[in-house]
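Visitor: As a plain string of letters, each chain reads:
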Amino acid sequence: MNAVHSEAVYSDAPVVSARGLRKLYKGKPALDDTRFDIGPGRIVGLIGPNGAGKTTALKAVLGLIPFEGELKVLGRDPRTERDDLMKDVCFIADVAVLPRWIRVREAIEFVAGVHPRFDRAKCERFLLNTKLTPQMRVREMSKGMIVQLHLALVMAIDARLLILDEPTLGLDILYRKEFYKRLLEDYFDEHKTIVITTHQVEEIENILTDVMFIRDGKVVLEAQMDTLGERYVDVLVDAGRLEEARALKPVDEHALPFGKTRMLFEGVPASQLAGLGETRIPDLADLFVAVMKGTYA
Amino acid sequence: MTAIQWSDGAPIYRQLKERVIAMMLDGVLKPGDALPSVRQVAAEYQLNPITVSRAYQELADEALVEKRRGLGMYVTEEAAKKLLANERERFLREEWPVVLERIRRLGLDMQDLVHPAVNGHRGDA
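Protein chains in written order, with the working numbering: chain A, 1110 to 1406; chain B, 671 to 795.
Next up, chain A with everything else stripped away, as it sits in the complex (with noise of 0.2 Å):
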């Protein structure tokens, strides 16, 4: 590679660029003329109901699956330059795939002999902070044990982008907070990009710097989180004003008892909602309900 090349692969370029994916999964499309872009330094939430592609998406990503459309991952298309990508790519999925017999030991060897950028005293540190023995095998490990021995595996590896598939499913919320710290503490950093899927969107969604809601394989809501107040206000309508707030059409109206309804609106000014009613920013999992109403209908 000679000098031109890696600046541009420090440059603002989109880490992930989509457009136009299509799937189809026995006939129902998983992925529906699918396009977003993931830009460099951010920690991406790709946030959906239970079969709306998620999944999928991440798998096209990752060249796990063949699809139509255009995608570039790093620069590469994943269905032809897959081993080159891997060397930058790394995931944890909620399926584990560390074989049960491993121990902590043979893991780290494995990792340290395929990957040409994995750091062995790194990932052993990160050990350090766990009650994992490099003797231990996977198949006497909690859930959690084996999550943490995943995460360091991978955290050790100087990837740019890292996919997680709901990486903490099944883990109490100790070794979920744990988690996000590592993280954060150990792992992120501007020049790398995280891409997290979940369905506990409150724990999460303080981390994320862009969100992304997807439904029926495509994207129907992408936003920087940052500008999510500015976007979307959620109004506490006081029972005389109501009339008044549906002319400025909200996105989502729910009565709630005592008289009051709650409003969610887009891109209106907070100035004329201000005289409505108590007026809050409405959190991830307020969005999510209003932007999929009639998913599971």
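Check each hint, because a few of them may be wrong.
[Stated by the list, open to error] A partial selection of chain A residues facing chain B, derived with a Cβ cut-off under 7 Å: (1) I1152; (2) Y1289; (3) K1290; (4) N1315; (5) I1316.
The set of hints was computed from the structure by calculation and includes no laboratory data. Note that CB positions come from ideal geometry on N, CA and C, so glycine has one too.
Got chain A sorted already, so can you dock chain B onto it with the hints?
Guide: Then chain B, alone, in the frame of chain A:
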């Protein structure tokens, strides 16, 4: 693990900034003290580092903290003075007009304000 309850009324970077300012006003953070690193705060409070950087940047813009190259952020010597000046300015701009309006409405004069009636029956305080 430290739990912080963020309110949903204001962006989190601003709440974080206010928290640091409150610690300065309370004397928990004194001039010359180091702020914890962005990475540490992000990990401990489970925030994205951009949020933390933004809060720190605003504190730096207001000269309450300064960056020392390679070492991190430190509370400035003039932070206490600045904060007092800021608080005074805010009081005069936001709180005082409201109080003044109330004083007028209640018909209180200088005498009443400087030497309040002992029984307090002229005001409702």
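Visitor: Each hint: holds or not?
Guide: Do the hints match the structure? See the list:
1. A least Cβ separation of about 6 Å between A:I1152 and chain B falls short of the 7 Å threshold, and the interface hint therefore holds.
2. A least Cβ separation of about 5 Å between A:Y1289 and chain B falls short of the 7 Å threshold, and the interface hint therefore holds.
3. For the restraint placing A:K1290 at the interface with chain B, the shortest Cβ-Cβ distance is roughly 5 Å, inside the 7 Å limit, so the hint holds.
4. Given the 7 Å rule on beta carbons, the hint for A:N1315 holds: about 5 Å separates it from the nearest Cβ of chain B.
5. Given the 7 Å rule on beta carbons, the hint for A:I1316 holds: about 5 Å separates it from the nearest Cβ of chain B.
Of the numbered hints given earlier, the model fails none.
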